[in-house]
Every structure is written in structure tokens, then in C-alpha cells.
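From first to last, the protein sequence lines are chains G and X. Per this note's numbering, residue 1 is the first one in the first sequence, and the count goes up by one each step. Per this note's numbering, residue 1 is the first one in the second sequence, and the count goes up by one each step.
Worth flagging that the hints you see were computed from the coordinates, not collected in a lab. One thing to keep in mind: the hints can contain errors.
Under the rule of at most 27 angstroms between Cα atoms (straight-line distance), these lysine-lysine pairs were calculated in the DSS-like manner [said to hold, decoys possible]: (1) X/K390 <-> X/K56; (2) X/K160 <-> X/K301; (3) G/K245 <-> X/K350; (4) X/K301 <-> G/K245; (5) G/K77 <-> G/K173; (6) X/K404 <-> G/K325.
Every beta carbon over 12 angstroms from chain X, so not counted as near; a handful from chain G, in silico [what the hints assert, rightly or not]: (7) E70; (8) A80; (9) R82; (10) D156.
If you want the footprint, here are the derived chain G segments under chain X, 3+ residues with CB under 8 angstroms [claimed, not checked]: (11) 201–210; (12) 232–238; (13) 283–290; (14) 329–339; (15) 342–350.
Quick caveat, the model's predicted, so the values are computed rather than measured. Think of the CB as a built atom: it goes at the ideal place given N, C-alpha and C, for glycine as much as any other residue.
Each chain, written out:
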Amino acid sequence: MLRSIFFSVVILVSAFQLSSCKGPEPVDPSGESFDKEAMLQNIGENIISASYDAVSQKLTEVEGKIGEFELEQTEAKLNALRTSVMEAHLLWQACSPFEFGPAAEQNLRLSVNTFPLDTARVNQKIGQADYSLDGTQDAAAKGFPAMEFLLFSEEDSIVLQQLQNENHWAYFKANFDMVQTKIAVVNDAWKGTYRSDFAQNTGSSAGSSISLLVNQLNYDFELLKNAKIGIPLGKKTLGITQTDKIEAPFSKQSLALASANLVAIKEAFTGKESQGFDDYLDALGAKYNQNDLSDEIIAGFEEAETALNQIATDLASAIENEPSKVETAHTALQNLVVLLKVDMPSQLGVQITYQDNDGD
Amino acid sequence: MEIRRALHGITSAKVSIAPLVTFRVLFGLIMLASVIRFWLNGWIETQYIEPSFHFKYFGFYWVPEISATGLYMVFAIMAIGALGIALGAFYRISAVLFFLSFTYVELLDATYYLNHYYFVSLVGLLLIFLPANRLHALDVKLGFAKAQNEVAAWAINSIKFQLILVYFLAGLAKLNADWLLNAMPLAIWLPAQDQLPIIGWLMPYKTTAYVFSWAGALYDLFIPLLLIVKPTRWLAYIAVIVFHVLTYVMFQIGMFPFIMMGATLIFFSAGFHQKVHAFFGFHQKVAPVSYGSERLSYPFKIALAAFVAFQILIPFRHVLYPGNPFWHEQGYRFGWRVMLMEKAGYAQFKVQDTQGNVIEVDNRDFLTPVQEKMMSTQADFMLQYADFLKAHYAKNGVTAAAVKADVYVTFNGRASRRFIDADFDLSSVRDGFENKTWILPFTETTSEI
Chain G
1 MLRSIFFSVV ILVSAFQLSS CKGPEPVDPS GESFDKEAML QNIGENIISA
51 SYDAVSQKLT EVEGKIGEFE LEQTEAKLNA LRTSVMEAHL LWQACSPFEF
101 GPAAEQNLRL SVNTFPLDTA RVNQKIGQAD YSLDGTQDAA AKGFPAMEFL
151 LFSEEDSIVL QQLQNENHWA YFKANFDMVQ TKIAVVNDAW KGTYRSDFAQ
201 NTGSSAGSSI SLLVNQLNYD FELLKNAKIG IPLGKKTLGI TQTDKIEAPF
251 SKQSLALASA NLVAIKEAFT GKESQGFDDY LDALGAKYNQ NDLSDEIIAG
301 FEEAETALNQ IATDLASAIE NEPSKVETAH TALQNLVVLL KVDMPSQLGV
351 QITYQDNDGD
Chain X
1 MEIRRALHGI TSAKVSIAPL VTFRVLFGLI MLASVIRFWL NGWIETQYIE
51 PSFHFKYFGF YWVPEISATG LYMVFAIMAI GALGIALGAF YRISAVLFFL
101 SFTYVELLDA TYYLNHYYFV SLVGLLLIFL PANRLHALDV KLGFAKAQNE
151 VAAWAINSIK FQLILVYFLA GLAKLNADWL LNAMPLAIWL PAQDQLPIIG
201 WLMPYKTTAY VFSWAGALYD LFIPLLLIVK PTRWLAYIAV IVFHVLTYVM
251 FQIGMFPFIM MGATLIFFSA GFHQKVHAFF GFHQKVAPVS YGSERLSYPF
301 KIALAAFVAF QILIPFRHVL YPGNPFWHEQ GYRFGWRVML MEKAGYAQFK
351 VQDTQGNVIE VDNRDFLTPV QEKMMSTQAD FMLQYADFLK AHYAKNGVTA
401 AAVKADVYVT FNGRASRRFI DADFDLSSVR DGFENKTWIL PFTETTSEI
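Construct the entire structure; sequences and hints are all you get.
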């Protein structure tokens, strides 16, 4: 008697085990499989690779402007150079969220866009004709912020004068070369085999493409919230504003850069015209209370975009004169962090760390 | 009288030592592999040396930290201890070294708590007292221990008891509405596995999640019984292999599947183990099992009973706290609740000075990603972190009048919601066993049946 009970339990359990292997034809409509590879292909090609390509092309244009400026050091040529560098910096914002794979190997984000700039260090290096950029002390003395400083920190006539100084110009060019070279390496990698490797790595464990993307989108988003907006607003300093810590203080482009960064992260989420995380979440049936989580996140992006656009003046003036608007933008970003960092990864079942995990 | 005889049978009666020997060897080898894997993954560095701050277990704040070199030495000792256990060499010393070094490392940072680490600590402790080196061991060969073919039954049954507990309580914990009625969290975890070979295509279906949930619960509840009873033992062990290989392939669960696949062999008969030993060339001749019994001293019996009672009661301590233990996680650890929920959180800490000005803390300044992830859902870590922040800012000239936090947690796919009272000063209380009333209640019912 006892024995037959045990046997029936065994059969029951193994039937369950078996049915999980072979199983009858599925009937549940929610089981529609989402084509993750198509999503990764789209994001890899039309967003990530396209972004590196755009900034690379812009840097080639900058190279031309540099050549022209070397031939003819006029205000007009200076302004043309300034505009193209600024545009390249804006285009960089769309690459910033993808610090993994080739970009991580180049330590790209820190190399090309660490701010606030250590201007004292820059001046010191220029004085000493030291154009190396690899030292640990130079971590905050290079990249776009250094170029921006050399092009915008003084009024036109003085900048013009400074750039004719050999050391100034050499330091500018050393920074440009470094930025161009590193971005070219990454751009080439994405045009090569990395793009298909990226698209095919469809798992959900740490190191999978989805995990890398979710992780780095969040990392960059928090940088946007904290470094670009929060710290200047005094969030880390008892409310004492730190307008000298904004990104691009000399060209006063901080807000445009922040908006470009936000749009880039949003587009990585939506996949632009094609498949993105919003479609993936929809395929999984991810809800946020009664709404679709994807709609909730897109609404969060739009709210943050609107809030940033509401700030009329440049960021430093806005922090001094209309802090409530900057505060609103910061709050909108903060609300979105929760959705991006908590709800989204949780619904995707994605692992963000390599450590062993038993789910508690 | 019957109870007495049964107790005698499972404690002092002499049985073959063979299953215990297999267990000793496998446990030692798997632990050695674990230590090497941990070391090669660079986790000693990233988990214990790089972080500037460590979360501790309540009651173990005093555990001293150690230099990097010292820590590597501790891991080396752990490896030597594990090898010593496997070989049965300087067995008792090896077991003591292994238990102490392993447990010390676990106590260094509660961030990395895993149920199977706790299991390893407990088994390590037990092994110190088990005469597992009395057969097929270097100690016997070297003359440090006298070979014997028998052992008091409690030695083997104490290990079996731990295994039964792990499975059965993991099964009990699955008897909740989320697991059984909503197939959560598997309905989230499985679709992410659709690239698996052979079975990947099944993963997106909700039905699959239900089948896995129910099968998993039944497996955990019944596998101990099916392993104990002889007619079903082989089938049960096949189920053990299928189950743990599946979990190994699907989840980043580490060495747990291997530990369980190795450990559950202890349920097999002495004859089976003797054949296995012979297969590997171990035919050591010793006196046959006498089927007598060992006189257990009164204090020993009390100690054994206390250990068993402790092991049974500790996992249920969460019933002393109101609300849903999956949400507040009070009394959650050390309860064999494995892979039971999908949880993620975000914690924005705010350090308020005496004038009411606020510093918003960027967790990345102080915590590693894993630490941040773990802290964001576990209330006791929040208290420790608040204390750390208060001390940190005090050093930097800011006197914190209060440390508060906006914490949002998502649990099994529900929209993230506030986890703790945003106005509560986390630096105003110490951790303790009393209920943390500042954790906001979870309103839906997901309690264990």
C-alpha cells in the first residue's frame, strides 16, 4: 500500500518533470516569443553603431576645420571650429550610454568626457608642454571638456591669441587626436564583428547584451541625473549650488548636452522606428499597476524632456535664477530612475551582476 | 517504547560508515572546487577587498576585517581544509580550519548571503564531530586514526537531516499564492531563458511557468521522502539530477546544484557506497559492521537534540513578525527560501543636517553594484548604511540630524512601491529583533499557507 503511494507520487513528479521537457502544444497566447536578436540587431545597428558613425564623421569634419584654422587664424575660422566641436560633443552624448564591449576596452566615457574639467591641471600641462593624456592625474584634464575650455573660456580675441600659442594649440590637438582615435577604434569594432556578436548574445545572464545594455543605460542615466543636473544643483552639497561643476560651462551648452543624452537613452529604449525595450516589455506583458510599463517609461522620458526644455536660459543661470525649474527636471529624472532601474530589469528577468544568486 | 527504539535506530545504532566516507570525499572536493572558482573569478578582490564598506549580520558586527594578504591566506586555509577533508588527512584539524575560515568569510559581508553558504557552514560544523576519517582516509594510512567499518547512525543521519530540511522547507515556502496561483517569479524568469537549447522554445509560455512552479514545489516537498524510501530512491536521484541541472543551466546559482547532487548520494545504501569505493580501488579490509550500538552520553544527546530543534525552529522565526515575510524579509535568511521571489529596489538616501539642508547620496560613491542591489531591498542593510553615512559625513564636517531614504521596491512583477517610511530617521535606531514598524505594510496577501 505504502509502496504504491510512493510510486504514484514518483510518477506524478516525473510526469511534471517530463511535461516540462516535451509537453503538449502550448495554448497560452501570452507565450508569443519576442525576437530578442532582432531587437539587439536594431539597437546595435541603427542606434549604437549609427551614433559612433555620426560622431566619427563629425570628427572628420572637425579635423578639416582644424586644418583650415591652421592655415588662417581668423575669428570666422575659429567660430567654424567651435561649432563643429560643439556638434561633435552633442553627438557624443548619443554614444555615452553604451560603455561596454569595445567602448569599455577604450575606457571611452571617462577618456572623452570627464567633467568638471581640472582647469588648473590643463593650464599646468600647457605651461610644461606636457601633452600626454594617460596619467591618472590627467583624468579630469582631457577630452571634450578640455577642447571646450580651450575654445570657449575667454572672449574671441583672447582665444584666438591663445590658440596661436604653440603649447595651447598642441594641447588642443592632442586632445582632439585622442578623442578621434578612441572613437574610431570603437566605431570600427561596431562596424566589424562586434555588432553581430552583440545581436546574437540573447541570454539574460550577466554579460549578455541585454544585461550590458540595461546596466549601462542605467549607469548613464544616473550620470545624467547626478553629474549633469543634481551636483550643480547642490544635491550633494546640502543645497549649496555648484554651478562650476556643470558640463560645458564655457560654451554654455550644458542643457543641450543633457537633452541630447536623455533623447539617446530614450531612443535606445524605444529602438526608434523598430524594435526596442518597449516592445520587449509589451511582449512580456509587463504592467505598471493598470498601465503598460513601456507606456509608463515613455511618459517618464517625455516628462523629463519637457522639464528640461522648460529651462529657458543656460543651466548655470537657471540654477541661480530659476532653481525650481531645474528642481522639477531633477525630480522627473529621479522618478524615471525607479522605473528604469527597478521595474524594467525586474520584468526582464535580467541579471546585472556576475555574483551567484539564489534569489533573495 | 516504540519511540525509544526508533530514536535508538537513528542515533546510537551502529551502521556502515561507507555513505559518510563518500560524503566526506565529495563535500571536500566540491568545496575545494568552489574555493578555486571563487579565487579565479577574482571575487576575493571584488567582493571583499575593493568595497570600502561591508554589510554585516546582526549580532556579528564585531567580526574583524582583515588585510588583503590575510584574506588570501584565509582562502588558502579554506582550500587546504577542504582538501584535508576530502583526503581524510589531519581530518579534525582540516574540518575545524575549513569551518572557521569559511564561516569567517561569510560573516565578513552579508551582501553575499546564500542559503547554500549557510548549508556549507552547518555541514562544516557537523563534520568536525563526525568520524568521517575512519575509512579510506590518509589518517588511517598514516596511523593517526584506527580504521573502522561502522559508525553510530547519528553521524550519517545528521547530514541527512540537514538535506531533508533544505528541501522540505524550500518546498513549504513555495506554498504561497504568488508561486502556486500566479507562477511568480518563474513567469518572469523563464521567458528570459528562451535561447536555451532544446527547451528554450517552451520558456515564453505561461503554462511552462505553472508547470515548473508546481513541479518545483512537489519536488522539494517530496524528494526527501522519495530518497529515504528504497523503492523510489533511484528514480528520486534521477529527479535530483534533472532538477539541479535545470537550475544550473537557467540561473546564476553557483555551486549549489553540485553540492546537492553530491550530498544526496548519502541516502543510498551502504552496499551501493561500498561498490563505488571498490570501483575506485578502495577495498580496505576492516572488521564487519557489528550492528551493535554506541553509548551516547547524556550531554551529547542534549546537544544533538538542541541542534535539531534549533535547525527546525530558526527557519520559522518569521512568523513572529507581522506582515508578509517576502516583503519585509524579517526572519527571512537562514530559512532555506531559495529562488522564491523576484525583487529589485532603488534607495535614494538623504542626509539631513541640523539646519534641514539635505545631501542626496549617490550610492555608487560608497557601494558596489551588488551591495547597492542588496541594500535596496533589505531593511537591516538600510540601517547599517544609514549609520555608515552618518559617520562618513561627520568626518567631513556635516553633522547629520537625520538620515532618511526614498526606497522603491518591486516584488514579483508588481509596480514598484514605497518600501519604508520616507520620514523615518534610519540613523535613530539600532538593528534588533523587534519588528521594524517603519517598513510600510504590503497590502496584498501572499502569505505562506
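Query raised in the report: Mind checking, does the region 232–238 of chain G have 3 or more residues with a CB under 8 angstroms from chain X?
Result: holds (count 4)
Query raised in the report: Taking C-beta pairs only, is G/D156 more than 12 angstroms away from all of chain X?
Result: Non-interface label stands for G/D156: nearest chain X Cβ at 38 angstroms, farther than 12 angstroms.
Query - Holds or violated: X/K160 to X/K301, with C-alpha atoms at most 27 angstroms apart - result: holds, 17 angstroms
Query raised in the report: Count the residues of the region 329–339 of chain G with a beta-carbon closer than 8 angstroms to any beta-carbon of chain X: does the count reach three?
Result: holds (count 4)
Query - Given pair status - G/K173, G/K77, alpha carbons within 27 angstroms - result: holds, 16 angstroms
Query raised in the report: Holds or violated: are the alpha carbons of X/K390 and X/K56 at most 27 angstroms from each other?
Result: holds, 17 angstroms
Report task. Measuring Cβ to Cβ, find out whether G/R82 lies farther than 12 angstroms from everything in chain X. Result -> Per Cβ check, G/R82 is outside 12 angstroms of chain X; nearest 32 angstroms; holds.
Query raised in the report: Is the nearest Cβ of chain X still more than 12 angstroms from the Cβ of G/E70?
Result: Correct as stated: the minimum Cβ-Cβ distance to chain X is 42 angstroms, above 12 angstroms.
Query - Hinted pair X/K404 and G/K325, Cα distance within 27 angstroms - result: holds, 24 angstroms
Report task. Decide, holds or violated, for the assertion that all CB atoms of chain X are farther than 12 angstroms from the CB of G/A80. Result -> holds, 39 angstroms
Requested in this report: Mind checking the alpha carbons of G/K245 and X/K350 for me, to see if they're no more than 27 angstroms apart?
Outcome: Status holds; Cα separation ~21 angstroms.
Query - chain X covers the region 283–290 of chain G, three or more CB atoms within 8 angstroms, holds or violated - result: Holds: 5 residues of the region 283–290 of chain G have a Cβ under 8 angstroms from chain X.
In terms of the numbered hints stated before, the structure departs from hint 4 and from no other.
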